[in-house]
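Q: Sequence:
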Amino acid sequence: MMAAHYPMSEEQLVDMLLDRNGQRTLVTTVNKEPMKVTSLEITDLHSDAEWDHYADIGGIGLMSDGGKYSFYSTEVGTVTDLISGALIYTRKPA
Numbered sequence: 102m103m104a105a106h107y108p109m110s111e112e113q114l115v116d117m118l119l120d121r122n123g124q125r126t127l128v129t130t131v132n133k134e135p136m137k138v139t140s141l142e143i144t145d146l147h148s149d150a151e152w153d154h155y156a157d158i159g160g161i162g163l164m165s166d167g168g169k170y171s172f173y174s175t176e177v178g179t180v181t182d183l184i185s186g187a188l189i190y191t192r193k194p195a
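Residue 195 is where the sequence shown ends in the numbering used here, and the numbering goes up by one at each step.
Be careful, since some hints might not be right.
Capping the alpha-carbon separation at 25 Å, the derived lysine-lysine pairs in DSS-like fashion look like this [to be verified]:
# : residue 1 : residue 2
1 : K193      : K133
2 : K169      : K133
3 : K137      : K169
4 : K193      : K137
Worth flagging that the hints you see were computed from the coordinates, not collected in a lab.
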């Protein structure tokens, strides 16, 4: 599978991530923080001055694996399938 690197809306990115529920996925943030996830859900995230700018630029709140990770869609830099190693998504630089 070729990585999607074209402009993708935050809604499309979230839909793609939700479609991967049940599959082992590596989500790496734009700050290079890796998160191994199996399931994601949309959630309201509590305000935190350190991360609010991700919401301010249109991010959708996400929680993985029952609360293991919480992040905004706008933090996602890359998405990789952990089984095959295939790069599925990479955020195009602004």
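Q: State for each hint whether it applies.
A: Evaluation of the provided hints:
1. For a cut-off of 25 Å, the pair hint linking K193 to K133 stands: about 15 Å separates their Cα positions.
2. The suggested pairing of K169 with K133 holds, with an alpha-carbon distance near 17 Å, which does not exceed 25 Å.
3. Restraint check for K137 and K169: the C-alpha separation of about 10 Å stays at or below 25 Å, so the hint holds.
4. A C-alpha spacing of about 21 Å is found between K193 and K137, which places the hinted pair at or below 25 Å, so the restraint holds.
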